[in-house]
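Throw the hints in and build the complete structure from the sequences for me.
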Amino acid sequence: EKMSMNEVYVFRPFKLIALLCVFLALCLDVVALLSPAWVTAEQYSLSLWESCKKEASAWQCISTLRTDWQVATLVLLLAGAAVTLVAFLIALISLCNGDQRKHYRTVAIFLFTSVVLQACALVLYPIKFIDGTVLQTYHEFNWGYGLGWGSTIFMLGAGILFCLRTDMYEEALY
Numbered sequence: 587e588k589m590s591m592n593e594v595y596v597f598r599p600f601k602l603i604a605l606l607c608v609f610l611a612l613c614l615d616v617v618a619l620l621s622p623a624w625v626t627a628e629q630y631s632l633s634l635w636e637s638c639k640k641e642a643s644a645w646q647c648i649s650t651l652r653t654d655w656q657v658a659t660l661v662l663l664l665a666g667a668a669v670t671l672v673a674f675l676i677a678l679i680s681l682c683n684g685d686q687r688k689h690y691r692t693v694a695i696f697l698f699t700s701v702v703l704q705a706c707a708l709v710l711y712p713i714k715f716i717d718g719t720v721l722q723t724y725h726e727f728n729w730g731y732g733l734g735w736g737s738t739i740f741m742l743g744a745g746i747l748f749c750l751r752t753d754m755y756e757e758a759l760y
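Residue numbers for the sequence shown follow our numbering, so the first one is 587 and each next one is one higher.
Don't take every hint at face value.
As the list claims (entries may be wrong) - EDC-like cross-link-like pairs, simulated, lysine to aspartate or glutamate; straight-line CA separation at most 20 Å:
1. K640 to D654
2. K640 to E726
3. K714 to D654
4. K714 to E636
5. K639 to E628
6. K714 to E641
7. K640 to E628
Because the hints were derived from the structure by calculation, they are not lab data.
In this text, all values refer to a predicted model and were calculated from it rather than measured experimentally.
Here it is in structure tokens:
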């Protein structure tokens, strides 16, 4: 009688979860960039693109791309989103082709770069807003700003997952 040994491979889906995190980060980033509500107050709304005040019964909106800090915030966020998109495409192609390990570090570096860009923008925004605000009423940073932070957190998580050395654990067990 012959005995046979079966090999069992344990696959830990860290990279697939990381790819999902990058996708979620991209989705949150797009919604945050397009959000009309970064700062809101009674009779006032501020987004990355325009500032609106309610005068009488109508809203009056002007572009926010006139001040340097608002342009800088937008450029940093767009750059972070672009780098994240490149990281997502590299990770997706690598996972589909099966040559995953070769590009993990590159994807992680791209994601950490995006985290730095986004964090700079998300710290700059409230500091400069509060520094130059003409609002004398209660105001709050709203869901658009929060989604920006959510996106950044997902990027950081994905970057960490892409750094994990799971290849040491994905070997045959007897």
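Now the hints, each set against the structure:
no., hint, verdict
1, K640 to D654, "violated (24 Å)"
2, K640 to E726, "holds (17 Å)"
3, K714 to D654, "holds (10 Å)"
4, K714 to E636, "holds (16 Å)"
5, K639 to E628, "holds (9 Å)"
6, K714 to E641, "violated (25 Å)"
7, K640 to E628, "holds (9 Å)"
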